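Colleague: For the record, the sequence lines run as chains A and B. Numbering (numbering that gives the first Met the number 0) for the first sequence: 0 to 303. Numbering (numbering that gives the first Met the number 0) for the second sequence: 0 to 303.
Worth double-checking, as some hints may not be accurate.
Stated by the list, open to error - Selected chain A positions facing chain B (Cβ under 10 Å, derived; list incomplete): (1) Asp141; (2) Gly157; (3) Gly163; (4) Gln268.
To be verified - In silico lysine-lysine, BS3-like type, Cα no more than 30 Å apart, as pairs: (5) A/Lys137 x B/Lys212; (6) B/Lys212 x B/Lys109; (7) A/Lys109 x B/Lys109; (8) B/Lys212 x B/Lys7; (9) A/Lys109 x B/Lys212; (10) A/Lys270 x A/Lys109; (11) A/Lys253 x B/Lys109; (12) A/Lys212 x B/Lys137; (13) A/Lys137 x B/Lys137.
Simulated from the structure, these hints should not be mistaken for lab results. This structure is a prediction, so every number in the text was calculated from the model and none was measured. Glycine included, every Cβ here is placed at the ideal spot set by N, Cα and C.
Single-letter residue listing:
There are 2 protein chains.
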Amino acid sequence: MSDVTEIKSYLNQCASLVEQTLATALPAEWDVPGLLRESMMYSLEAGGKRIRPALVLAAAEAIQGDAKAAENALSIAGSIECIHTYSLIHDDLPAMDNDDYRRGKLTNHKVFGEAMAILAGDALLTHAFHLIPQAARKGRLDPQVALDIVEDLAMFSGASGMVGGQVADILGEQGITSIEDLEYIHLHKTSDLVVFSVKAGARVGGATENQLKLLEQYGRNIGLAFQIQDDILDLIGDEAKLGKKTNSDVAQQKVTYPYLIGIEASKAQVKRLTREAKAAVLDAELAMPQRLLEIADYLVQRDF
Amino acid sequence: MSDVTEIKSYLNQCASLVEQTLATALPAEWDVPGLLRESMMYSLEAGGKRIRPALVLAAAEAIQGDAKAAENALSIAGSIECIHTYSLIHDDLPAMDNDDYRRGKLTNHKVFGEAMAILAGDALLTHAFHLIPQAARKGRLDPQVALDIVEDLAMFSGASGMVGGQVADILGEQGITSIEDLEYIHLHKTSDLVVFSVKAGARVGGATENQLKLLEQYGRNIGLAFQIQDDILDLIGDEAKLGKKTNSDVAQQKVTYPYLIGIEASKAQVKRLTREAKAAVLDAELAMPQRLLEIADYLVQRDF
Chain A
0 MSDVTEIKSY
10 LNQCASLVEQ
20 TLATALPAEW
30 DVPGLLRESM
40 MYSLEAGGKR
50 IRPALVLAAA
60 EAIQGDAKAA
70 ENALSIAGSI
80 ECIHTYSLIH
90 DDLPAMDNDD
100 YRRGKLTNHK
110 VFGEAMAILA
120 GDALLTHAFH
130 LIPQAARKGR
140 LDPQVALDIV
150 EDLAMFSGAS
160 GMVGGQVADI
170 LGEQGITSIE
180 DLEYIHLHKT
190 SDLVVFSVKA
200 GARVGGATEN
210 QLKLLEQYGR
220 NIGLAFQIQD
230 DILDLIGDEA
240 KLGKKTNSDV
250 AQQKVTYPYL
260 IGIEASKAQV
270 KRLTREAKAA
280 VLDAELAMPQ
290 RLLEIADYLV
300 QRDF
Chain B
0 MSDVTEIKSY
10 LNQCASLVEQ
20 TLATALPAEW
30 DVPGLLRESM
40 MYSLEAGGKR
50 IRPALVLAAA
60 EAIQGDAKAA
70 ENALSIAGSI
80 ECIHTYSLIH
90 DDLPAMDNDD
100 YRRGKLTNHK
110 VFGEAMAILA
120 GDALLTHAFH
130 LIPQAARKGR
140 LDPQVALDIV
150 EDLAMFSGAS
160 GMVGGQVADI
170 LGEQGITSIE
180 DLEYIHLHKT
190 SDLVVFSVKA
200 GARVGGATEN
210 QLKLLEQYGR
220 NIGLAFQIQD
230 DILDLIGDEA
240 KLGKKTNSDV
250 AQQKVTYPYL
260 IGIEASKAQV
270 KRLTREAKAA
280 VLDAELAMPQ
290 RLLEIADYLV
300 QRDF
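The shape of chain A in the complex, shown without the other chains (with noise of 0.2 Å):
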């Protein structure tokens, strides 16, 4: 369990400079309302593991082959994760989930109420945007390079990546029969984000065509694999690990991979995703692929 215990420690390392970034995110200086300002930072302060921010610099390192190379891909790092945390803050509204609670903190709509809720989300996604050319600007990035990020930003994020996901889940609710429909949701709805930060890191890194294009199969293909999995710990996992309640799914009656092919089946995808996953990685020739390889395990291993 050593490997574990290191990638973990590794991912709180990347977590602590990630939130060290989002603090300053949005400038002092800038003339913001100060409850929009507020409302903002206590959804991006409110934690969260900042798997994809991680990745971000976890792939533009094993690109350079280079701790350092983490340092340029912050800002992108930081943008992420404001896309990130805007989807579930519009997530949890009244009109969609209407969830009270998040990480055990009060949902930002709960807090700061539905109007300024979606303002702030509305906010965090435009801010987002902000922090490529600003990373471009310090000197970091190559401007075809960070433009290249925010074509990827939009298309990964929006109508055609997670918001088309977000739609297609909600729509479905009660009729998903096939796995092709259920896999739809997946990949748009949380592989999207994951293909973005690798890819983002990998072209901060210098990446070469080829490498993007393995980047990307490694990207769908963990997760995936980390929403099954997701699927299969509500069936089967202990309450207490998870920190929240187990069984929710069916108790909602949610279509999940274990409900439509059996929990082994199922098991058997998590294992396939994550070796093709890692095949891909080892394909990529990168300088430094050892913690993007100890990601995939990590995360179909957690609090297993």
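Place chain B on chain A using the hints.
Modeller: Leaving out everything else, chain B in the frame of chain A:
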């Protein structure tokens, strides 16, 4: 009045170009859930005067002295209309202004439901940022210029821009007593997108830093003048001409310019701002300043 006829026809021409661009802004080959696409297009195609995108085209032309410059600016014009449209969808939500109709059509959430309206807004906001790198990819825009436009868009439409103005408006609904507070709201809620539009068009046209600075002043002034004029029209305008109930601000006890400084001082303010806007355009020594000068006059002459 022939001046007005001419600028009206120019603006109609721009609107028609922009609407063609918007019709294909969301590529047909993208795998987007059908209802999400429908919801986005419903609001994108719901009309309006398309003043912001027209300003993008007019500013590009003004700098280059060539009507063809507008072609290169079309993606950017589409981008600002995506932002404007998302802001209207979110503003109309029950948690915000709770409006059932806009421009005589049912609002987005009345047709597609609240969840879809929130997500369609999010997707349009995100798509605005997709259209900018796309313009560069087509070879029509230098990557650094495109990146500057991304940075401007995030700045003028985000926490320190339009969203900040909207928050100030909501928070101030009961308590605005100073002209400074009211100006903050107008500058950010209205002027910021106008400033962005003029600057972005000018950037596409290859403006110098000095020209950008002067056109920023122009945008601020015409945006603010437009808004004050709107307050005045609400008090004295002809209901039929304006196409909406007048005196509604008074009925809602909304604090406006005429309410704070009186109608004559408000009119003088509109004149001063328009004059200064035009002076800035003349100072900028543009190749073809005429349209921008005419637009400044037209915006405050509407239906008079």
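Colleague: Decide, hint by hint, whether the structure agrees.
Modeller: How the hints compare with the structure:
no.	hint	result
1	Asp141	8 Å, holds
2	Gly157	4 Å, holds
3	Gly163	5 Å, holds
4	Gln268	22 Å, violated
5	A/Lys137 x B/Lys212	22 Å, holds
6	B/Lys212 x B/Lys109	41 Å, violated
7	A/Lys109 x B/Lys109	24 Å, holds
8	B/Lys212 x B/Lys7	27 Å, holds
9	A/Lys109 x B/Lys212	42 Å, violated
10	A/Lys270 x A/Lys109	39 Å, violated
11	A/Lys253 x B/Lys109	27 Å, holds
12	A/Lys212 x B/Lys137	22 Å, holds
13	A/Lys137 x B/Lys137	26 Å, holds
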